[in-house]
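First to last, the protein sequences are chains U and H.
For the first sequence, this note's numbering begins at 1 and goes up steadily by one.
For the second sequence, this note's numbering begins at 1 and goes up steadily by one.
Please note that a few of the clues may not be correct.
As the list claims (entries may be wrong) - Away from chain H, derived, C-beta distances all over 12 Å, residues of chain U:
| id | residue |
| --- | --- |
| 1 | 12 |
| 2 | 14 |
| 3 | 16 |
| 4 | 17 |
| 5 | 54 |
| 6 | 61 |
| 7 | 62 |
| 8 | 64 |
| 9 | 70 |
| 10 | 77 |
| 11 | 96 |
| 12 | 100 |
| 13 | 103 |
| 14 | 105 |
| 15 | 108 |
| 16 | 109 |
Stated by the list, open to error - The calculated DSS-like cross-link candidates involving lysine-lysine, where the alpha carbons are at most 30 Å apart (straight line), are:
| id | chain 1 | residue 1 | chain 2 | residue 2 |
| --- | --- | --- | --- | --- |
| 17 | H | 44 | U | 56 |
| 18 | U | 56 | H | 9 |
| 19 | U | 51 | H | 44 |
| 20 | U | 57 | H | 44 |
| 21 | H | 44 | H | 9 |
What the hints assert, rightly or not - Computed spacing ranges between beta-carbons, pair by pair:
| id | chain 1 | residue 1 | chain 2 | residue 2 | range |
| --- | --- | --- | --- | --- | --- |
| 22 | U | 60 | H | 39 | 26 to 32 Å |
| 23 | U | 81 | H | 12 | 40 to 46 Å |
| 24 | U | 41 | H | 19 | 19 to 25 Å |
| 25 | H | 14 | U | 81 | 37 to 43 Å |
Derived from the structure by calculation, the hints contain no laboratory data.
Even glycine gets a Cβ: it sits at the ideal position worked out from N, Cα and C.
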Amino acid sequence: GQQVMQIPQYQHVQEGEDFTTYCNSSTTLSNIQWYKQRPGGHPVFLIQLVKSGEVKKQKRLTFQFGEAKKNSSLHITATQTTDVGTYFCAGPWNTDKLIFGTGTRLQVFP
Amino acid sequence: NAGVTQTPKFRILKIGQSMTLQCAQDMNHNYMYWYRQDPGMGLKLIYYSVGAGITDKGEVPNGYNVSRSTTEDFPLRLELAAPSQTSVYFCASSYSAGGSGYTFGSGTRLTVV
Chain U
1 GQQVMQIPQY QHVQEGEDFT TYCNSSTTLS NIQWYKQRPG GHPVFLIQLV
51 KSGEVKKQKR LTFQFGEAKK NSSLHITATQ TTDVGTYFCA GPWNTDKLIF
101 GTGTRLQVFP
Chain H
1 NAGVTQTPKF RILKIGQSMT LQCAQDMNHN YMYWYRQDPG MGLKLIYYSV
51 GAGITDKGEV PNGYNVSRST TEDFPLRLEL AAPSQTSVYF CASSYSAGGS
101 GYTFGSGTRL TVV
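Make a model of the complete structure from these sequences and hints.
Spelled out as structure tokens, the structure:
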């Protein structure tokens, strides 16, 4: 069945360092979504990418959708302690629901 | 707007007991979903609904049931609770199927002992 994998599973960084998480799907996706879940919280929608090769930015966050629409990445520049949490990518599964990636847990040390 | 409201926030069940997790949204979304998240893990889809009166199974439906009698409400029923159902349960809704962001509720943390 369809699978969405993310690497790394965990990442510990010093505040101010950059961070990148990668998302890979076993099938071509019509779009890719990214969510952030703070510790003890619920997933919060960040962004959706639709076009092949699309790049979108939100302040220090840069999201990219691969040319083949099977992979995506999230890059955070100069991490802050407020960036702590788990980042999930998600892609459509059988058109009417999302399948979520395995997630990357980010820890930022001050 | 309240968004997606889940009740209760916490619950402890004994093995074999039953309960209903409530989920309500006020955004007039047709699409609603139930996910479970085990500690340190990702989200697994239990059941989903594309509109009132229509429900379907997700990845892990065994031990659960749902109903969707109105657009607003999507309760999840646990019958004969088992320790394997200890998890955090999230309800979510969306405007379109897989093509728009999901709005999640704050979750129900369930422990079965």
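A quick look at each hint next to the structure:
Distance check for residue 12 of chain U against chain H: the nearest CB is about 15 Å away, which clears 12 Å, and the non-interface claim stands. With a closest Cβ-Cβ approach of about 23 Å to chain H, residue 14 of chain U is found to remain outside the 12 Å limit, as its non-interface label requires. No Cβ of chain H approaches the Cβ of residue 16 of chain U within 12 Å, the least distance being about 26 Å, so the stated non-interface status holds. Residue-level check passed: residue 17 of chain U sits 23 Å from the nearest beta carbon of chain H, beyond 12 Å.
Against chain H, the non-interface label of residue 54 of chain U holds: every CB pair exceeds 12 Å, the least being about 15 Å. At roughly 15 Å from the closest C-beta of chain H, the C-beta of residue 61 of chain U stays outside 12 Å, upholding its exclusion from the interface. Residue placement check: residue 62 of chain U keeps its beta carbon more than 12 Å from all beta carbons of chain H (closest about 18 Å). Distance check for residue 64 of chain U against chain H: the nearest CB is about 18 Å away, which clears 12 Å, and the non-interface claim stands.
Even its closest Cβ contact with chain H, about 16 Å, leaves residue 70 of chain U beyond 12 Å, as expected for a residue assigned away from the interface. Consistency note on residue 77 of chain U: stated as away from chain H, and its beta-carbon is indeed over 12 Å from all of that chain's, at 23 Å minimum. Residue 96 of chain U, annotated as away from the interface, has a beta carbon of chain H within 12 Å; the closest lies near 4 Å. Listed as outside the interface, residue 100 of chain U is inconsistent with that label: its C-beta sits roughly 4 Å from the nearest C-beta of chain H, within the 12 Å cut-off.
Distance to chain H contradicts residue 103 of chain U as a non-interface residue, since its nearest Cβ pair spans about 5 Å, not more than 12 Å. Once the 12 Å rule is applied to beta carbons, residue 105 of chain U is inconsistent with being away from chain H; the minimum gap is 8 Å. With a cut of 12 Å on Cβ distances, residue 108 of chain U stays outside the contact zone with chain H, its closest approach being about 18 Å. Residue-level check passed: residue 109 of chain U sits 19 Å from the nearest beta carbon of chain H, beyond 12 Å.
For a cut-off of 30 Å, the pair hint linking residue 44 of chain H to residue 56 of chain U stands: about 27 Å separates their Cα positions. Taking the CA atoms of residue 56 of chain U and residue 9 of chain H, the gap is about 35 Å. The hint is violated against a cut of 30 Å. About 26 Å separates the Cα atoms of residue 51 of chain U and residue 44 of chain H, which keeps this hinted pair within 30 Å; it holds. Note on residue 57 of chain U and residue 44 of chain H: the hinted pairing holds, with a Cα-Cα distance of about 28 Å set against a maximum of 30 Å.
About 19 Å separates the Cα atoms of residue 44 of chain H and residue 9 of chain H, which keeps this hinted pair within 30 Å; it holds. In this structure the hint that residue 60 of chain U and residue 39 of chain H lie 26 to 32 Å apart at CB holds, the actual value being about 29 Å. Evaluation of the 40 to 46 Å hint for residue 81 of chain U and residue 12 of chain H yields a failure: the beta carbon distance comes to about 33 Å. For residue 41 of chain U and residue 19 of chain H, the hinted distance range of 19 to 25 Å is satisfied, since their beta carbons lie about 23 Å from each other.
Between residue 14 of chain H and residue 81 of chain U the C-beta distance comes to about 40 Å, which sits within the given range of 37 to 43 Å.
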